[in-house]
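S.K.: Each chain, written out:
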Amino acid sequence: MTFEIKPYPELWQSLDMDVERFDKARLMLGEAYEKTYLSQQNRPGAMAYFDNMIAEIHGGRIKELMAAKAEGRPVIGTFCVYIPEEIVLAAGGICVGLCGGSQGSVPDAEKTLPRNICPMVKSAFGFKAGRICPYFQAVDFVYGETTCDAKKKTWEILDKMVPTYVMEIPQCKNPRDIALWNEEVKAFKAKVEEVAGKTISESDLAWAIKTMNNKRRALQRLNSLRHHKPCPISGKDGLLIEQIAFYDEPIRFTEKVNELCDELEGRIKVGEAVPTKNATRVMIAGTPMALPNWKIHNLVEGAGAVIVNEESCIGTRYFKDLIDESVSTMNEMLAALTDRYKEIDCSCFTPNNERLNQVVKEFRDSQAHGVINYSLQFCHTYNIEEIRIREACEKEGIPYMFIESDYSPEDIGQLQTRIEAFLEQIRD
Amino acid sequence: MYIGVDLGSRTVKMAVWDGKRLVDYKIVESGFEPHRQAEKMIAGLKATTVVATGYGRHLASEYFADHVITEIKAHGLGVYHQFPGCTTIVDVGGQDSKVIALNARGKVSNFQMNDKCAAGTGRFLEIMAGSLAYSLDEFGQAALLADQEVQINSMCTVFAESEVISMKNRGAPRDHIARAVHSSVVDRLSGMLARLGYGEEIAFSGGVARNPCIVHMLQKKLPEARLVVPELPDIIGALGAALHGAEI
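If you read the sequences in order, they're chains R and V.
Residue numbering for the first sequence follows my numbering, starting at 58 and increasing by one per position.
Residue numbering for the second sequence follows my numbering, starting at 955 and increasing by one per position.
Pulled out of the complex, with its shape left as it was, chain R reads as follows:
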């Protein structure tokens, strides 16, 4: 059986996509998935659901979005874990993380944007410019934020192709910054209510907070099972689930992650390991790896090691903090929500000392042997914060390596050498 990303040419046509080109991209993604994922030995059976989520990434899930839209429910595209999904959910809408992890769309972006900016921003912009992402075509609007210069200036250009709103995320966490943030959350709520044609009630928001907290709890549970020694699931599969978390329906996703966790608990009882009992354990820290960016995981696990944790936006930064569920008035809930979102320790903040401790904590929790800090090329804040992460790791005696890379395959040879040498360094 060969794996295939299912084609939906009529649906794509109705979304005004470049169908011919997209169909080629579909075949390439299917091939990459088969090679990267289905070739793995001893995968948990419950991964079948997530395999299907990839097979249906450009069809089944899009149909769900279109059905929601037909009912008047808004579909909102985002690019950052700082946009509060709870509010979209409470208004009956759907929040999706947009495409931005592929080299294929970068040339489309470089027709307009400068070359020397973040590959994720370029890739995302290119997906819209080339009409090769059904999510981008399906959304009512995009809600961006101000977490980096490349993004905030790109929103101005992107707005010409798809309505793009911007939430101001402050750069410090002083009380006056948090007050501003709280105002921004309220403005976001007003915008979502306007599009949904519906006022969010207290019980709507309480339900949405609970739903999202349950999703985060399921991801936390999966993460702590990955920390088990020996590891019951590959890092590639762990990352895949964290990536799918950004476009799947949250209640169903939570259920499926929990089913997988039940299976992993069974594996742990009998000592089943992926790939082997004594595999070198690596933790990733740094910038997000958006679908289908599996570059580092492929190299690390290809060299016989296992990745046990991602300290990243597509990783623990997305799910490590919960919202206080004990408050019930609208203002209290919005304050609790802002409070939780301010715990996210993105390098766009200064100072960001919490992250140094978080990296060391996750290293300990995950029983890793070493840290690979990964930064997307031209991501200034993560690139510079690398210095402090390195110092924190050196102080703790944690084997550490820094990688700066983009989505292109041209540095694979050097990266493979560096990663293998890092693993030798840990094992020797």
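These are computed hints drawn from the structure, not numbers from a lab.
Quantities reported herein were computed from a predicted structural model and do not represent experimental measurements.
No incorrect hints appear here.
Here are the simulated DMTMM-like pairs of lysine to aspartate or glutamate, each with C-alpha atoms no more than 25 Å apart in a straight line:
no.: 1; chain 1: V; residue 1: K1061; chain 2: R; residue 2: E453
no.: 2; chain 1: R; residue 1: K377; chain 2: R; residue 2: D234
no.: 3; chain 1: R; residue 1: K92; chain 2: V; residue 2: E1016
no.: 4; chain 1: R; residue 1: K210; chain 2: R; residue 2: E461
no.: 5; chain 1: V; residue 1: K1061; chain 2: R; residue 2: E481
no.: 6; chain 1: R; residue 1: K452; chain 2: V; residue 2: E1154
no.: 7; chain 1: R; residue 1: K377; chain 2: R; residue 2: E400
no.: 8; chain 1: V; residue 1: K994; chain 2: V; residue 2: E983
Dock chain V against the given chain R, drawing on the hints supplied.
M.R.: Positioned in the frame of chain R, the structure of chain V alone reads:
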């Protein structure tokens, strides 16, 4: 007999270790199929173990090698054997440059390596020599003997080449430009050394260690350290691989 083969981007190196000393070595151009070159080099030799390193190491293991180690580990082993007590290595090969820190037991404790670009590598020097119509040997000599240098701002091979061409066309003396090219490589290497930190003794391995100007300028740049160059800097990786074969 333990054989180490280093399949590099420009040359394939082989070292034969009999358990006590280096008994043979060879260096040939990589060609299109470096693993075939390597196979020819070891043909007829009776080896207990063949260990491959370098860019072609995995290909070599598909064909003939018993074990594979990275060139970083291989240079660590090779230098530790030649200069016990030395804890810092600069290795500049055809395609990349590395700075490696060793602990007291000779194990790699940290390293830095250039990523995508050819800046500060043997390839960079080769392209610049070509642009100035020098052979590689003349290039280092001429730069060493030049009494002045112009300023080159770019480390990028493509941009630096444009800069060199515009200097040529402004009439700057060839040896001054040659010296500037060497200077830019040395700046990059000393920058990598500063970031990683270095000990009292720094071993310089890889083919570029045969360039007298780079050695001279790097030593001048690091007055507090002693730069040591092995007799056969090209084969340090291959020697390290052979030594690894004897260890396991």
